[in-house]
Structures are given as structure tokens and as C-alpha cells.
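Chains A and B, in that order, are what the protein sequence lines are.
Residue numbering for the first sequence is 5 to 172, as defined by the working numbering.
Residue numbering for the second sequence is 2 to 190, as defined by the working numbering.
If you're looking for bench data, these hints aren't it; they were derived computationally from the structure.
Hints should not be assumed to be uniformly reliable.
[Stated by the list, open to error] Some chain B residues flagged as far from chain A (calculated, every beta-carbon gap over 12 angstroms): (1) Ser34; (2) Leu60; (3) Asn77; (4) Ala98; (5) Gly111; (6) Gly112; (7) Asp127; (8) Ala129; (9) Thr136; (10) Ala164.
[To be verified] Label-pair restraints from in silico Cβ distances: (11) B:Ser43 with A:Ala155: 47 to 55 angstroms; (12) B:Lys133 with A:Ala9: 22 to 30 angstroms; (13) A:Thr63 with B:Thr46: 42 to 50 angstroms; (14) B:Met161 with A:Ala160: 45 to 53 angstroms; (15) B:Leu39 with A:Gly50: 53 to 61 angstroms; (16) A:Ile97 with B:Lys133: 36 to 44 angstroms; (17) A:Gly64 with B:His81: 34 to 42 angstroms.
Cβ coordinates follow ideal geometry from the N, Cα and C atoms, glycine included.
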Amino acid sequence: MAAGATYTPIATQTLGSAAATVTFSSIPSTYTDLVLVSSVTNSSSGSNYSLSFRFNGDTGSNYSDTYLYGNGSSAVSGRESGTFVNIGNTTSITGTFTPTITHIMNYANTTTYKTVMGRGNNSGAYVMGAVGLWRSTAAITSMVIAPEFSANNWNAGSTFTLYGLAAA
Amino acid sequence: MSPILGIYASQISGHLSNFYSIATQTVGAGGASSITFLSIPSTYTHLQIRSINRDTSSLTTTGWSHAIFNSDTGSNYFRHWLYGNGSTVTAASDSAAINGGVPVASSVTGGSISNAFAGSVTDILDYANTNKYKTVRHLGGLDVNASGDYRISLISGLWMSTAAITSITINPSNNNFAQGATFALYGVK
Chain A
5 MAAGATYTPI ATQTLGSAAA TVTFSSIPST YTDLVLVSSV TNSSSGSNYS
55 LSFRFNGDTG SNYSDTYLYG NGSSAVSGRE SGTFVNIGNT TSITGTFTPT
105 ITHIMNYANT TTYKTVMGRG NNSGAYVMGA VGLWRSTAAI TSMVIAPEFS
155 ANNWNAGSTF TLYGLAAA
Chain B
2 MSPILGIYAS QISGHLSNFY SIATQTVGAG GASSITFLSI PSTYTHLQIR
52 SINRDTSSLT TTGWSHAIFN SDTGSNYFRH WLYGNGSTVT AASDSAAING
102 GVPVASSVTG GSISNAFAGS VTDILDYANT NKYKTVRHLG GLDVNASGDY
152 RISLISGLWM STAAITSITI NPSNNNFAQG ATFALYGVK
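Assemble the whole structure, with the sequences as input and the hints as a guide.
This is how it looks when you write it as C-alpha cells:
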């Protein structure tokens, strides 16, 4: 069996000031999967927002997701369709950055729709997992990440690191 | 990678030196009845299987692909799972050991929309340790957008053996693996 080291950091973005969106562009097609590790807070007044993704600038209704979370007293599952896919959950509590690891599977494959899944912990409210689908066979070359593409921002200090994993 | 206005962007070169691609299998035309990784070296601490998965059945209710270790088909496996299907949450476990292996990959059934595959990341912890039973941790799911099934799964599995894992055989949830299903095996030092 061949073996080669992988899990390559592609880029990291640390917000020096609040931003409505974070964009990774010109993503190379040389990997098999992408992994985004994020630690964020949102700028809302006490609301929780999902970590939401759009790919390749597609703002059409080509996204859907299914989620599962526990909120400290009950477990809930739901699903939604729309113009972005929601993975994880973020808080607005100052200093309580919410970590999420998001896997973007076979992102450069041009014959399959793209499956995205992740696990996130919002220590103030939720522990959750989610899976989403972008109904496109295009290779992912860019992604935009926002707090549900609402009027809110990611706060300064939020970090996003994108890794590439290359299969043998 | 384009830096974004208002954001400090940093470029990082090189790779993390403790995560290795061992082997990958992609199902070709005609499908496959199983996927097998043989002669897995014992030089890593953990294994990870990353997959996109689909079967050839005409079903619309999904399941999981299970793995058998070292060709052990005895009743030596246990499973605990928690999953949501978009409306309800299920938590359950086996009441007795089973012989079918442990879940390592969610799966889209062939009766669902075309081009959709389930995604999974499954860790096999301390796989070469000869003093421990082997624990498997699975995160996987599928959302096929109003045609078929939906599922986000958190699963743990146990193989009650202290043998080092040297081979993994993965079976489809139903029928055969569909063309394009891909399983990549990684080693973590």
C-alpha cells in the first residue's frame, strides 16, 4: 500500500475586524477532501446562528441539510432547503468561540453532488451534527461562509483554517 | 488563495506530518460487492476511513455499510448509535453481540436522486494495540433533498478482539456498492 503524508493547511483567515462573510477562493483541485476548522462568534444580540456555506458563488436554491442537536434538555432533528447549507451553530457570547469541524467530501469530483458534514459545539446552547448537499457536479473552487447570510457579522478574532486531504 | 479585505490572511505551506494516506478504492462500472483493505501496516496509532457511498438497491430507506476486521465473522461486534432523520431522533444499541461488523459508512440508496452520495469520516482508534478491544467512531450522513432518506449519524462500534487490525472488509448496506463510491484509508501517527 502506498502511503503519503497529507492534511495540508491551504489557508488560514483570522478576522482583525468584524466581517459579514469569509471567502476562500482559488481552491486548488489537487486534494480529495477539504476540512474547515473554525472558531467563531457572531455579532447578533444574543442569537445563535448556523455556520452557513455557499459554493462557487451559487446563490440558487440548490442546497439542503439535515441536522441533529441536543440543547441541554432534549434532542432534535430537522431539515431545510434553501440558498445555503447550514453546518454547526455559533454563539454571540463574548469570548465564547464556537468550534466546528466541517468536512467537504470529494469536492473536486465532477460527477457527484457535494456532501458536506460537520460537528459543532456551541457551549452556550447546543452540541450538534449536520450533513448538507449542494446539488452541483461542479468542482468546488470557492466557498463563502457567513452567519446564515443574515445582517450579522463574524466577530473579530474568529478563525477559519482550510485543510486539504489527498487520498492515495 | 485570495486575501480578503479586512481580514488578516495567512498562507501556510507544507503538510501536517502525522496524517498519511494509505490506500484508496473507488468502485468502477458494474459496482462492487465489497471493499477490502489488506496488509494494513501497524506503524500508525489510529486509522481513519473517509468515504462517499452509494449502493445499487432500489430502496429509498438508507442504512450503513459495515466493516469486518481481520475476516472475523463471529458475534464479536457491538454498536451504539444516535441519529436524526430530519424529523425524529433515534438512540439505540445492540442488545447482544452481532456478527455483521460495525458501521463505518453512511450510504445513499440507489432509489434516491442521482449523483448524491453519503459522506462519512470514521476513526478506528488504537487499531494495532494488542491489549485493547477496538473502538470505532463514526460521523456520517446524507441529505438527498426530498427524494429518499435523510440521516445524520453519530455511531460508536466495538470489535471485541485484542488482535491488531490488519485487514478491513466493508460491505454495502444493500445490494452492491454503486459506481463512484470511494473509500480512502488514512493512518494517523
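Enumerated hints in conflict with the structure, sorted upward: Per hint list: zero violations.
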